[in-house]
Every structure is written in C-alpha cells, then in structure tokens.
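**Q** Chain by chain, the residues run as shown.
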Amino acid sequence: MADIRSLHDAVADLIHDGDTVAMEGFTHLIPYAAAHEVIRQGITDLTLVRMTPDVIYDQLIGAGLVRKLVFSWGGNPGVGSLHRFRDAVENGWPRPLELDEHSHAGMANRYVAGASKLPFAVLRGYRGSDIPTRTDTISTVTCPFTGEELAAVAALNPDVTVIHAQQADRAGNVQLWGLTGVQKEAALAARRVLVTVEEIVEELEPRPGGIVLPTWVIDAVSVVPGGAHPSYASGYSVRDNAFYQAWDPIARNRDAFTRWIEENVRTRTGRTEKAGAR
Amino acid sequence: MADIRSLHDAVADLIHDGDTVAMEGFTHLIPYAAAHEVIRQGITDLTLVRMTPDVIYDQLIGAGLVRKLVFSWGGNPGVGSLHRFRDAVENGWPRPLELDEHSHAGMANRYVAGASKLPFAVLRGYRGSDIPTRTDTISTVTCPFTGEELAAVAALNPDVTVIHAQQADRAGNVQLWGLTGVQKEAALAARRVLVTVEEIVEELEPRPGGIVLPTWVIDAVSVVPGGAHPSYASGYSVRDNAFYQAWDPIARNRDAFTRWIEENVRTRTGRTEKAGAR
Amino acid sequence: MTETPETPGFTRDELMEVNAARALAGAKTCFVGIGLPSTAANLARATVNPGLVLIYESGTIGSKPTRLPLSIGDGELAETADSVVPVPEMFNYWLQGGRIDVGFLGAAQVDAYANINTTVIDRGPDKPEGRLPGAGGAPEIASNCGRVLMVLRHSTRSFVRKLDFVTTMGHGSGPGDRTKLGMPGTGPVAVITDLGILRPDPATAELTLTELHPGVTVEQVRAATGWDLAVAGTVGTTEPPTPDELAALRALKAAGKEPR
Amino acid sequence: MTETPETPGFTRDELMEVNAARALAGAKTCFVGIGLPSTAANLARATVNPGLVLIYESGTIGSKPTRLPLSIGDGELAETADSVVPVPEMFNYWLQGGRIDVGFLGAAQVDAYANINTTVIDRGPDKPEGRLPGAGGAPEIASNCGRVLMVLRHSTRSFVRKLDFVTTMGHGSGPGDRTKLGMPGTGPVAVITDLGILRPDPATAELTLTELHPGVTVEQVRAATGWDLAVAGTVGTTEPPTPDELAALRALKAAGKEPR
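Sequence lines, in order, name chains R, G, Z and E.
Just so you know, the working numbering puts 95 at position 95 of the first sequence, and the rest follows in order with no gaps.
Just so you know, the working numbering puts 52 at position 52 of the second sequence, and the rest follows in order with no gaps.
Just so you know, the working numbering puts 235 at position 235 of the third sequence, and the rest follows in order with no gaps.
Just so you know, the working numbering puts 177 at position 177 of the fourth sequence, and the rest follows in order with no gaps.
Quick caveat, the hints were computed from the structure, so don't treat them as lab data.
Keep in mind the model is a prediction, meaning the values are calculated, not measured.
Derived DEER-like restraints, expressed as beta-carbon distance ranges: (1) G:133 <-> E:204: 47 to 57 angstroms; (2) R:144 <-> Z:9: 54 to 64 angstroms; (3) Z:179 <-> R:263: 49 to 59 angstroms; (4) Z:125 <-> G:13: 42 to 52 angstroms; (5) Z:182 <-> G:243: 37 to 47 angstroms; (6) R:68 <-> Z:233: 52 to 62 angstroms; (7) E:162 <-> R:134: 17 to 27 angstroms; (8) Z:204 <-> G:256: 42 to 52 angstroms; (9) E:176 <-> R:1: 50 to 60 angstroms; (10) E:127 <-> R:256: 21 to 31 angstroms.
Here a beta-carbon is modelled for each residue, glycine too, at the ideal position from N, C-alpha and C.
Make the full structure from the sequences, and use the hints.
**A** Now the structure itself:
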C-alpha cells in the first residue's frame with residue numbers, strides 16, 4: 001500500500017546509494033522533481049535505467065551520482081547532445097560512466113520481462129548490428145518450433161522505479177494518461193515504486209487512455225505539482241521546449257552546469273523548485 | 001482499409017472452408033451473429049481458436065462445421081458443460097473433434113506471439129501439468145542468462161479473426177471498451193479481420209478503457225446491432241444470463257439442438273436473428 | 001440443498017461457503033475462479049475482509065460486485081473495478097508477476113497432494129474419456145499465487161486416489177516438488193469442503209483432515225474420500241456461521257438471481 | 001541556411017525536405033523519427049499524402065500535428081492521434097508485427113550499403129570515442145518496416161567509407177544479407193540529401209546517385225561522399241519545390257516555433 005508522504009522522506013526511504021533506479025516517462029511525465037531530490041540528498045553510485053536518458057539523467061550524471069547507465073537513446077530531443085552524458089563517457093567527468101546500451105525495442109522488452117517476472121524476453125532484433133558486441137544482456141534463443149534464432153534480452157528489475165502521474169486518490173491509487181510510455185512495465189518490474197503526482201483527488205475518474213496503478217503496487221506517493229517540469233503532465237502543463245533549448249549551453253560547460261545545479265536544485269526544496277527552474 | 005459491408009458478404013469473402021478462425025471476446029462482445037452467418041453459409045472443416053469456447057463454439061461444433069478446436073476452457077460459464085462440445089469429443093457426433101488444449105496463460109501468450117509476429121512466446125507455465133503431453137504446441141526454452149527452463153508456446157496466427165465491437169466510424173476505424181480480453185492480440189495476429197459493430201458513428205469519441213483498431217488493420221466492418229447476443233456489448237446491452245441457462249437443456253439433446261439451429265439460425269437472416277433468438 | 005439435521009438453520013453448502021470466505025481473512029489480493037470461489041471471495045468482502053482486492057481472469061482488478069456474477073465476464077465486474085486490463089497483461093504482469101496473494105480454485109478431481117484434474121475423466125476401458133472443461137487459468141494460478149485455497153464438495157468421485165489427468169499441480173508427489181519445479185508460490189494451503197477442511201501436512205504435504213464442520217464426523221469424511229485420508233491428531237470443529245455471515249451470503253445469492 | 005545561388009527562392013535544406021516528403025507518396029503508414037524525418041512526414045501529409053498515417057515511437061498512431069513537434073513525445077502527437085498505445089506494444093505488435101510500410105530514419109554516419117552508425121565516432125588512436133545518442137528505435141525500424149527511407153545532409157563526415165560502428169543494418173555487405181538474417185522488410189530504398197537522392201543499385205545494393213537537386217553537379221555530390229560514389233547511367237534532376245510545397249513547409253516550421 002502506498003503511503004502519501006513528502007518527496008524528501010519518500011526519496012530518503014526508497015532510494016539508496018548503489019541502487020538501480022529507473023525514472024521513466026517518454027518525453028511526457030518525466031519525474032524531474034524526484035531526480036532533483038536525489039541530487040539534493042546526494043544519493044550516489046546509482047545505476048540509472050531509462051530508454052531515453054534525456055536532460056533528467058544529464059543532470060544526475062553531471063552531478064556525479066551515476067556509476068552506470070542502461071539506455072537506448074541518449075539525447076536532448078529535438079535539440080542535440082546530452083553534454084554531461086558525453087563528458088562522462090568521453091572524458092570520465094566527473095566520474096567514468098559504464099554503459100549498457102540497447103535499442104528501444106530491446107529496452108521495452110527488458111521491462112516487459114521484468115514486469116512479467118521472466119528472466120528474459122524474445123524479439124526479432126539487433127540483426128546485423130554491432131550493439132550485442134558491447135553488452136552481456138543480449139543473447140540468442142532458438143525457437144523450438146521453427147528453429148529460427150531470435151534475440152534474447154535480459155529482464156530489467158530495478159530496485160526502484162520513479163514515475164510522475166497526474167493524480168492519486170487518498171488511498172494511493174494512481175492514474176496517468178496521455179503518452180504512458182513504459183511506465184506500467186517499469187513500475188511493475190521494480191522492487192519499490194515511488195510516484196509523484198500533480199494532485200490528490202477524492203476519486204479517480206477513469207480517463208480515455210488512462211492507466212491505473214493500484215495502491216498495493218506502490219510504496220509511496222508524493223504530491224509535487226509541476227514535478228515533471230520541464231517535461232509536462234497532459235491536462236496540467238505543456239512541455240517547456242524553451243527550457244530544453246536553454247539547457248544546451250548550460251550543459252556544454254562544466255562550470256555553468258555546476259552553477260545551475262547549485263542554484264536551481266541544491267539550494268532549493270521540492271516546494272520552491274518549479275518557479276526557479278525556468 | 002476496412003470496407004463497410006453486409007455481414008453476409010463479409011463472411012462469404014473472408015471466411016473459407018478449412019480456415020483457422022478465431023472468434024474472440026471474453027464473455028463480453030462475443031461475435032454470435034457472425035458465427036450464425038457461418039452456420040447459414042455452411043462454411044466447414046474449420047479450425048476454431050478461442051480461449052473460452054462458450055456457447056458460440058458449442059453451436060458451430062454441433063452444426064458439424066468444426067474439425068479442430070484450439071482452446072483453454074470449454075464450458076458454459078456459470079451453468080455447466082458445453083454438451084455439443086462434449087458429444088463431439090466423446091462420441092464424434094456429428095463428427096470427430098481434434099483438440100489442441102492449453103491453459104489461459106498459454107493461449108493468451110500464443111496470441112501475443114502471433115500479434116508480435118514471433119514464432120513463439122515464453123511463460124513460466126504448465127509446470128507439473130500433463131497438458132504438454134497432449135499437444136505439439138508446447139515446448140521449452142532455456143534462458144540464456146540464468147539457465148532456467150521455461151515453457152514455450154507456438155504462436156497463433158489465425159487466417160481470420162472475428163470480433164464484435166461497440167462502434168466504427170465511416171472510415172472503418174473501430175472502438176471497443178469494457179472487458180477487451182484478447183481481442184486486440186487476436187485481431188493483430190490474424191491474416192484477415194472482420195468486425196461486427198453495434199453502430200456506425202460520425203466520430204469515435206475516446207472512452208476510458210477503450211481500444212481503437214485503425215481501419216488499416218481491418219478487412220471488413222459489418223453493422224449488426226445486438227450481434228453479440230446472448231453475450232453483451234457494454235453500453236448497449238446486458239448479458240442474457242437466462243439464455244445461457246436455457247441453452248443447457250437445448251444442447252443436451254441432439255434433436256433439440258438441431259431444431260434450435262434450424263429455427264433460430266438457418267432459417268433466419270442476420271437482420272431478424274436477434275429478436276427470435278431469445 | 002437440504003438442511004443438515006444436526007445443525008438446523010443452515011446447509012452444508014453454506015458451511016462450505018462461509019468457511020471458504022473466512023479463509024480469506026487477512027489476504028490482500030485474490031485471483032477468483034468462477035462458481036464457489038467467487039461466492040467465497042464476494043462473501044469475504046461482505047464479512048471478514050471488506051478491503052480484499054478481487055481479481056478475475058477476464059481482466060478486472062478490484063471488482064466490487066453487489067451480486068454474485070454468473071460468469072467471470074459479467075459487466076458489473078468491469079464497471080466496479082479499479083482497473084480493467086487486457087487478458088495477456090493479467091496473466092503476465094499480475095499473475096506471473098507475483099502480484100497476487102491468494103488463488104482460489106475449484107476442481108473436478110483432487111488427490112491427496114491437492115493436485116487437480118479438470119480435463120478428462122477415465123470412464124473405463126473401451127469407453128471414451130469423459131470430457132471436462134479444461135485448465136482455464138488454474139495451472140498458472142496454482143503455480144504463481146502466494147498461496148492457493150480450494151473449495152469443492154466432498155465425494156469419492158471428486159476426492160480420488162489417483163487423478164485421471166493432472167491439469168494443475170498442487171504439491172505433486174510430496175514436499176520439495178514445487179521447489180524443484182521453480183514454482184514461486186507455496187501452493188494449496190487448504191481444501192474447504194461441505195464436510196470440513198483438509199490441509200497439507202507440514203512434513204509430508206499430504207492433505208490431512210484438520211477441521212470438521214459442526215455435526216460432521218471423521219468417519220463421514222473418510223467415507224467421502226477416495227483414499228485413506230490422514231486425520232490430524234486433534235481435529236477441530238469450525239465455528240457455525242454467524243447470523244451476519246448467513247444473511248450476507250443469502251443476500252449475495254438472491255441478488256445474483258435477480259433479473260437485470 | 002543560405003539560398004543556393006543557382007536556385008533562388010529556396011534552400012538546399014528545403015530541397016531535401018520537399019523531396020523527402022515526396023518519397024512518401026503512396027505510403028499508407030510511416031514510422032517517423034524525430035528531426036528531418038518528422039519534417040518530411042508532416043510535409044507529406046500537407047502535400048502529396050494527406051491520408052498518411054504517422055506513427056511515432058512514443059506510442060501514437062495516426063498523429064495529425066498542426067506544427068512540427070520538437071520531440072517525439074510532444075503533447076499534440078498524442079492529442080491528435082487515432083490511438084495511443086504503450087511503448088512495448090508499439091514495438092512488438094505494430095513495428096515487429098509488420099504493420100508499417102515505411103520507416104523514415106536520419107543518421108549520423110551512413111556507408112555505401114546504407115548501414116547506419118548513431119552510436120560512437122572513432123576520433124583516432126589515443127583519443128576517446130566520440131559519443132552519439134545511440135540506437136533508439138532504428139535497428140528494428142530498419143529491419144521490420146516494409147521499406148526504409150533515409151534523410152540526412154551530405155558531407156564526407158556523414159557519408160563514410162567505413163562505419164565506426166554498425167548501429168543499424170541497411171543492406172549489410174550487399175545483396176542477400178538481409179534475407180540471410182531473416183529481415184522481413186526490403187530495407188533502405190532511398191537516401192535523400194541536400195544534394196540529391198541515392199538509391200541502392202538493384203544488382204549490387206550499393207548506394208548510387210540517381211537524382212540531383214536543381215543546380216547541383218555530380219562532382220559536388222562525389223566530393224561530399226567519403227567513398228567512390230557510383231553514379232547511375234542517367235542521373236535525373238528533381239523537380240524544384242512548388243510554391244504550395246514551400247508554403248506548406250514554411251508554415252509547418254513557423255508553427256513549430258510558436259510559443260504555446
């Protein structure tokens with residue numbers, strides 16, 4: 001059952017040094033506020049999992065908290081590179097970053113296997129690609145009926161999955177709608193689940209395209225209005241494309257980045273963060 | 001792209017002697033009217049696929065049109081046996097019925113593999129069960145990461161899948177909601193798809209729990225109000241539990257069954273069927 | 001259903017149903033088969049476990065029906081649910097995903113190790129097998145739920161020495177078989193019948209009579225069991241149904257029979 | 001982006017974008033990468049193919065955005081879609097399921113067989129690899145769509161003799177490689193650049209210059225290509241953008257820059 005509690009306490013209790021953490025959200029509903037709380041608490045040596053690392057992981061990587069990244073596409077969508085990610089991979093700043101790299105189809109299926117408590121998933125993937133040469137989480141299986149050889153990818157079962165959703169009720173049931181990405185799979189694959197929400201409502205009204213995560217698969221719900229910014233929450237906010245564009249020059253420079261994190265994350269609290277982050 | 005056409009013509013064009021046909025719908029949205037059209041047209045030597053054969057397949061089996069049944073639970077839900085199914089299996093009346101028998105988890109995953117165009121699916125299933133001794137569509141695979149042996153089930157790719165839905169628009173896009181079972185998987189696994197609908201609407205309004213099948217994955221849409229009776233279409237009708245109970249004595253007796261099919265299916269048309277079938 | 005002479009005021013079926021519901025006290029989530037398990041689970045929600053999350057294989061999570069559903073796909077199961085999911089998701093993410101505490105099953109035949117046959121009945125040489133409905137969700141429910149409860153009426157036809165077919169494995173041939181096969185759940189923990197309750201012996205995993213319903217004797221149960229039934233050193237007696245339990249059970253059943 | 005002196009009134013990028021859109025004439029469904037492919041696909045909907053079904057890996061089927069999305073997860077893609085599906089379903093049922101005619105990809109590096117690198121750049125001995133974004137959906141898009149279109153700017157940095165890393169296979173080392181690997185789709189059929197269009201030779205699968213944009217010479221293209229580029233016996237010239245095409249393209253781009 002989900003406890004409804006402060007973001008500070010939920011992060012402190014659920015996310016620990018050395019954990020494997022998935023913060024999911026495909027452009028939409030990215031849990032930035034929770035990531036910033038991780039930075040404020042200095043939770044480190046993390047293995048981060050995410051299909052599209054995006055600016056949220058650029059910040060965590062640049063803050064020096066990440067040991068390893070499991071991913072399939074690491075860019076600032078529509079803008080360009082993730083400079084902190086590149087600096088870590090290319091130059092080991094502020095620390096070396098180990099990679100476990102996949103395709104989207106492979107990552108999606110790794111979450112599906114994790115949610116299904118299977119050790120692996122099967123796909124017709126990676127054919128002719130060099131990707132399998134750089135990871136030990138891609139292998140092959142042979143179809144016992146047709147003899148066809150297919151790709152096998154190892155299940156992902158994060159210690160913690162963090163997502164942002166539009167609403168929870170007082171019992172801690174959560175509903176999200178719009179682009180829901182791999183959030184259900186990432187949540188059900190994890191040992192612990194933290195959900196930040198825009199608001200608590202008396203009753204969850206079923207929405208077209210909505211998915212409901214019942215309270216008994218969630219550990220904590222924290223109310224963080226705007227907690228996806230600069231990503232967005234359909235029905236509550238729009239994507240702050242200007243922020244994503246403004247991020248590029250900040251992230252290009254180590255000092256500018258460090259200053260930005262200090263001013264916009266480390267010295268703020270979850271409560272005051274949103275207004276200042278623009 | 002889906003053509004909107006009469007049930008007679010759609011069935012005649014899409015379903016042929018010897019086809020493998022899936023008529024899905026988990027209690028809800030079972031495409032009875034289409035099955036009755038198959039009976040009227042005498043399309044025979046069918047391999048029928050369905051998780052829960054139900055009264056709809058009892059009728060097709062009793063009518064002598066079925067060579068083989070692929071299934072996981074064959075009963076009249078909440079009432080008892082499917083007597084035509086039993087008579088065919090036990091006594092070969094009106095013809096012998098070959099079986100390919102699975103568990104629900106296995107059947108659901110066979111459709112998933114079919115929709116994914118994979119030759120098989122993996123599950124932690126059938127352990128300690130005799131079911132695999134009677135079919136060649138269950139085998140095993142070994143996880144290349146952990147060494148665990150898991151069940152493999154062969155993909156299902158019906159020649160035709162038939163489903164009933166609440167609505168289509170004029171372009172042939174379809175929406176169904178409520179219990180949606182395995183209908184999406186069954187439709188996407190099939191080579192041809194026929195959808196009967198309660199009505200055509202100007203625009204599909206997104207519904208909570210709704211799934212949309214775009215017109216370009218469907219071959220034909222036929223408007224058949226009440227086409228799921230005695231099953232139901234959420235928002236349009238309720239399940240006719242009395243019919244399911246009344247079916248038991250009809251199906252127990254070969255003559256009573258034959259008479260019922262003659263009077264309620266063979267000598268009627270899709271248009272007049274519903275009123276008379278109660 | 002006639003009242004038993006020794007326990008006026010309720011039937012043996014009602015004893016079975018009430019005790020099956022009581023077995024769900026403390027459970028969080030229950031994967032519910034149709035028929036007797038559904039009666040028990042809905043009665044539990046009305047009595048010992050109002051917060052019990054009912055999960056039906058048709059895809060409903062958290063159904064709160066006000067009458068007994070005739071089938072696992074009745075509209076009310078979906079309309080009152082917290083969430084309705086596709087059937088493949090139900091079996092893969094929720095059941096195989098290890099999210100469900102209790103699987104509640106019926107059975108046509110059960111043996112001394114709580115293995116289940118719902119597939120075929122051997123009717124003797126030169127006779128065709130008698131056909132049962134088949135597996136449904138049971139093999140994976142029994143394997144993947146945290147624990148399994150079973151409910152069925154007691155008779156030598158259903159409690160047999162040797163199953164004609166193993167549809168669903170309970171404890172296999174004894175302790176260790178489930179572990180050997182990598183089954184996550186602990187398997188059957190109780191078989192509730194109209195005569196009493198059998199539980200697997202902790203050492204041997206063999207079903208053992210541990211409780212009798214009021215007015216039932218050990219000899220009656222042994223006579224209705226197709227093998228030499230083990231009996232616990234101390235056999236308890238189940239509490240008679242309370243007036244509240246009986247009222248709730250009868251109201252549920254009456255509502256289930258109302259025309260819609 | 002400066003106008004080319006030879007073809008006043010439009011830029012080379014606009015030539016590339018307009019020709020990329022034209023390549024979608026007749027297609028039913030297109031799996032759209034962000035950036036240039038998304039520009040092309042949206043322009044196709046506004047010009048040669050109003051019924052084109054746009055599919056984005058974020059899960060949207062049938063998106064009809066009125067402005068160019070900055071990212072594949074922009075809200076308008078979901079709001080205007082016929083259906084929004086979970087990401088695993090998109091990759092398994094729709095892409096791997098063989099439901100999509102055309103995959104439209106960009107690339108950082110491409111070789112003579114239309115293989116793609118979007119992973120790492122070799123910057124020479126003793127220097128660390130340069131990091132690119134990675135695969136995204138491309139390996140399976142290129143394998144499973146009916147055919148593949150590619151769009152990228154022409155330069156010796158991007159059109160290379162040997163890829164530093166094969167992220168996504170196009171035609172491998174030549175004809176037959178795709179079949180040998182069991183790839184359902186026919187693979188890349190055109191690479192549209194700001195200089196012209198390359199297509200795989202039917203016999204050798206090697207990318208061959210088949211069309212030049214107005215005002216571009218064969219020598220310019222060869223100079224911008226990192227291998228000894230094959231040139232078709234007859235090299236055509238693409239039609240200049242029509243006023244309607246240009247107007248539609250510019251309107252889309254302008255709308256994409258508007259604040260919301």
